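Peer 1: Each chain is listed here by its residues.
2 protein chains.
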Amino acid sequence: MISTGEEVLHGDITDTNAAWLSRVLFEHGFSMTRRTTVGDQLDMLAKEIEHCSLTADVVIVNGGLGPTTDDLTAQAAAVAADVGLELSEHWVEEMKAKYAKLSRVMPETNIKQAMLPEGAELLDNPVGTACGFAMHINRAWVFFTPGVPSEFKVMTHGQILPRLAQNYDDVQAKDCHRLYTFGLSESGIGQTLQALKLPEGYELGYRSSLPFIEVKIFCPRGHQEAAHIRQQVITLLGDNIVSFGQPLLEEVADKLVKTDYRLTVCEQMTGGFLVNWLHYSEAVQPRLNHAWVLGEHNIDEQQEPLAAVLAMATAAQENQTHDRQGGSRLILASGTLNEGQVAVALSTPAGTWAQLITTKRRYASRDFRYVVSTVMLDMLRRWLSGKEVIGQYESLQRVGDIYIPANEG
Amino acid sequence: MISTGEEVLHGDITDTNAAWLSRVLFEHGFSMTRRTTVGDQLDMLAKEIEHCSLTADVVIVNGGLGPTTDDLTAQAAAVAADVGLELSEHWVEEMKAKYAKLSRVMPETNIKQAMLPEGAELLDNPVGTACGFAMHINRAWVFFTPGVPSEFKVMTHGQILPRLAQNYDDVQAKDCHRLYTFGLSESGIGQTLQALKLPEGYELGYRSSLPFIEVKIFCPRGHQEAAHIRQQVITLLGDNIVSFGQPLLEEVADKLVKTDYRLTVCEQMTGGFLVNWLHYSEAVQPRLNHAWVLGEHNIDEQQEPLAAVLAMATAAQENQTHDRQGGSRLILASGTLNEGQVAVALSTPAGTWAQLITTKRRYASRDFRYVVSTVMLDMLRRWLSGKEVIGQYESLQRVGDIYIPANEG
Numbered sequence: 001m002i003s004t005g006e007e008v009l010h011g012d013i014t015d016t017n018a019a020w021l022s023r024v025l026f027e028h029g030f031s032m033t034r035r036t037t038v039g040d041q042l043d044m045l046a047k048e049i050e051h052c053s054l055t056a057d058v059v060i061v062n063g064g065l066g067p068t069t070d071d072l073t074a075q076a077a078a079v080a081a082d083v084g085l086e087l088s089e090h091w092v093e094e095m096k097a098k099y100a101k102l103s104r105v106m107p108e109t110n111i112k113q114a115m116l117p118e119g120a121e122l123l124d125n126p127v128g129t130a131c132g133f134a135m136h137i138n139r140a141w142v143f144f145t146p147g148v149p150s151e152f153k154v155m156t157h158g159q160i161l162p163r164l165a166q167n168y169d170d171v172q173a174k175d176c177h178r179l180y181t182f183g184l185s186e187s188g189i190g191q192t193l194q195a196l197k198l199p200e201g202y203e204l205g206y207r208s209s210l211p212f213i214e215v216k217i218f219c220p221r222g223h224q225e226a227a228h229i230r231q232q233v234i235t236l237l238g239d240n241i242v243s244f245g246q247p248l249l250e251e252v253a254d255k256l257v258k259t260d261y262r263l264t265v266c267e268q269m270t271g272g273f274l275v276n277w278l279h280y281s282e283a284v285q286p287r288l289n290h291a292w293v294l295g296e297h298n299i300d301e302q303q304e305p306l307a308a309v310l311a312m313a314t315a316a317q318e319n320q321t322h323d324r325q326g327g328s329r330l331i332l333a334s335g336t337l338n339e340g341q342v343a344v345a346l347s348t349p350a351g352t353w354a355q356l357i358t359t360k361r362r363y364a365s366r367d368f369r370y371v372v373s374t375v376m377l378d379m380l381r382r383w384l385s386g387k388e389v390i391g392q393y394e395s396l397q398r399v400g401d402i403y404i405p406a407n408e409g
Numbered sequence: 001m002i003s004t005g006e007e008v009l010h011g012d013i014t015d016t017n018a019a020w021l022s023r024v025l026f027e028h029g030f031s032m033t034r035r036t037t038v039g040d041q042l043d044m045l046a047k048e049i050e051h052c053s054l055t056a057d058v059v060i061v062n063g064g065l066g067p068t069t070d071d072l073t074a075q076a077a078a079v080a081a082d083v084g085l086e087l088s089e090h091w092v093e094e095m096k097a098k099y100a101k102l103s104r105v106m107p108e109t110n111i112k113q114a115m116l117p118e119g120a121e122l123l124d125n126p127v128g129t130a131c132g133f134a135m136h137i138n139r140a141w142v143f144f145t146p147g148v149p150s151e152f153k154v155m156t157h158g159q160i161l162p163r164l165a166q167n168y169d170d171v172q173a174k175d176c177h178r179l180y181t182f183g184l185s186e187s188g189i190g191q192t193l194q195a196l197k198l199p200e201g202y203e204l205g206y207r208s209s210l211p212f213i214e215v216k217i218f219c220p221r222g223h224q225e226a227a228h229i230r231q232q233v234i235t236l237l238g239d240n241i242v243s244f245g246q247p248l249l250e251e252v253a254d255k256l257v258k259t260d261y262r263l264t265v266c267e268q269m270t271g272g273f274l275v276n277w278l279h280y281s282e283a284v285q286p287r288l289n290h291a292w293v294l295g296e297h298n299i300d301e302q303q304e305p306l307a308a309v310l311a312m313a314t315a316a317q318e319n320q321t322h323d324r325q326g327g328s329r330l331i332l333a334s335g336t337l338n339e340g341q342v343a344v345a346l347s348t349p350a351g352t353w354a355q356l357i358t359t360k361r362r363y364a365s366r367d368f369r370y371v372v373s374t375v376m377l378d379m380l381r382r383w384l385s386g387k388e389v390i391g392q393y394e395s396l397q398r399v400g401d402i403y404i405p406a407n408e409g
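Each protein sequence line maps, in turn, to chains H and V.
For what it's worth, this note's numbering labels the leading residue of the first sequence as 1, then goes sequentially.
For what it's worth, this note's numbering labels the leading residue of the second sequence as 1, then goes sequentially.
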């Protein structure tokens, strides 16, 4: 893959297209071997296209198809292929139609976007004015695509992948099963999963994105054995798997909307991290009852953190004033008196669970609030799934825990 | 630059080293022209080093210096330079000393990290066991660096930049003045700043990171004229400049800690985004008095958003129960009854300001909460700076506003 553009080269824009393409190609059975970024210089770009066309089977060039003077990809392609540029009347008509739909006249500058290297095959762009094109240069099949991510993705799925699938019909597309874990280390997971006997064509991948590690099982598309392997991974990693195919928040949301529970959040320690996170789910938002974030001084300094958090949860359970819409109440609370020890609690109609935890490693403040918020959300997931509310997290140390049944509270 | 590693190539890890290096090199007067990522394959990597060594003056190779078998960079360098590997006794002693400090014995596998291409110059790594090295291959000076970002940065500053500065003494390092704007579009800023007459060696750069656009003024290091140009930019962009050289939150934090004000946040609309954001500043945290995030149903549906937010702010101002530590109180509040119109308020001892806004473009829910939180924080910045509290934001539409002096409230 060749990415173009000064802003990408200089790191002002993160090249999300590259990571996305790499993943999509892999899932379709192709493997990206090399990725290059060059700026908006005609000779550099032309040389890069030529260089890649001598070594790769397929080259995907991204960016530089816009109407402005620093968009030089079509010209560079012509140089690399040693051909001229010619006007695609067809694309001019397409662009005029796109502008007409918006009741506007196409600016003259857009004509440039219809100038393609001689002999190039036009690739339709249903969502923009930059058409793509494909051509054979030296040993490679080279595809030229627009830089706007939405346009790039539509073109990859609609134009490029079908052509690759047709031409390389022996390449086997892959399925990817994703499991999200919390509380384990990547090396720990790797060691545990060594016990697996993977069938041919299977591969494991990991992606660490604090505080989760995503385990990916790649297998030939539609393979029967996959469900069996997936179940073995689930058995080996136990209930550190917090969600399947989707992040923890969506997993909790799916379970929560099947109940009539409403959620209250008290975040003395996590400082709004959890309630902000919960707002990312449109399904959870209407279930949020009330949330508050206390300043440090609002926790009773005479109490132990565990007792203080229990008091917070109890107070929230008893405070009905803001709870007009009814429904049973769930409370998640976090509190700390010093940075090291953190108490978290889940209060339900069946009783209240609280635990006191410390970390084994040193986290930045934001990361630590993320980890603690994850423990809270995981307690809720466990309770909604009928599992033990207090989990085992290898990366955290549990100093104490307590359960108070509702009738004793 | 050549980055190595399957995880970077496949997008499982974002290559932050590349963006960072590009920026740092630019500030030192060097310009990155090409960046390539290859996986952990010996032949691919060796070919890439060779290819770059024939075209560039300086090549920086990042990653693949670890102790494991898929770390192949030293071997690839040797292949590219057509030399053998030899043991650096010096680095073995260094590594042994590092382990001894931790009361541990160096594992045998680490010996690999002291195997360098013949004739390479060792680059010290004071913060890890992977030493770097430099060598001349074909026309290029090639530097090999560890992939761990903290180690890479230390080595770049301590070893590579001094060597480059000494060798290319005609290259002029640059200063970079950063200004953060809010409420303007990148094209709008570009047009406004066309009025500037930039002296030779000056350059403007933009970096858009929603909801801010960072304006960068690059100029020759220590240039007197810079302050004058910077002032012109400030005049042209007016009070859409929310901070200088640091993000808005730090700017507000600097002003807030010079007062004895404490801050209360009521986030019906922003859903905890603001209080979570405020927690990113260690200086602001102890100034947070109380914060709450209401569920949708907690705002009085009979009221207009502006009236409802004023009521929230007033209630917060009157509610002294959680305010044990004294100090004057500032309140920031947000509320909405439908997704389109949002009311925000700042209440101070001098009076209360509120405004009702809508957006001109469609934002994702998270982005919109970020934009509204930024308006709130900017109101606070303006008040703390003695400016008009209600700002003009080109990208937002103000539907109404109100000011209620304290003695009338």
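One or more of the hints may lead you astray.
A pair counts as met if it fits within one copy or between any two copies, since identical chains are not told apart.
[To be verified] Heads up, simulated DSSO-like pairs for lysine-lysine below, C-alpha to C-alpha not over 27 Å straight-line:
1. 98 to 360
2. 112 to 101
3. 387 to 98
4. 360 to 101
5. 96 to 360
6. 258 to 360
7. 174 to 387
8. 98 to 112
9. 47 to 153
10. 387 to 153
11. 360 to 197
12. 197 to 216
13. 153 to 112
14. 258 to 101
15. 360 to 47
16. 47 to 387
17. 197 to 96
18. 47 to 98
If you're looking for bench data, these hints aren't it; they were derived computationally from the structure.
What you are looking at is a predicted structure, and each value in this text was computed from that prediction instead of being measured.
Peer 1: For this structure, which hints from the list above don't hold up?
Peer 2: 3, 6, 7, 10, 11, 14, 15, 16, 17 and 18
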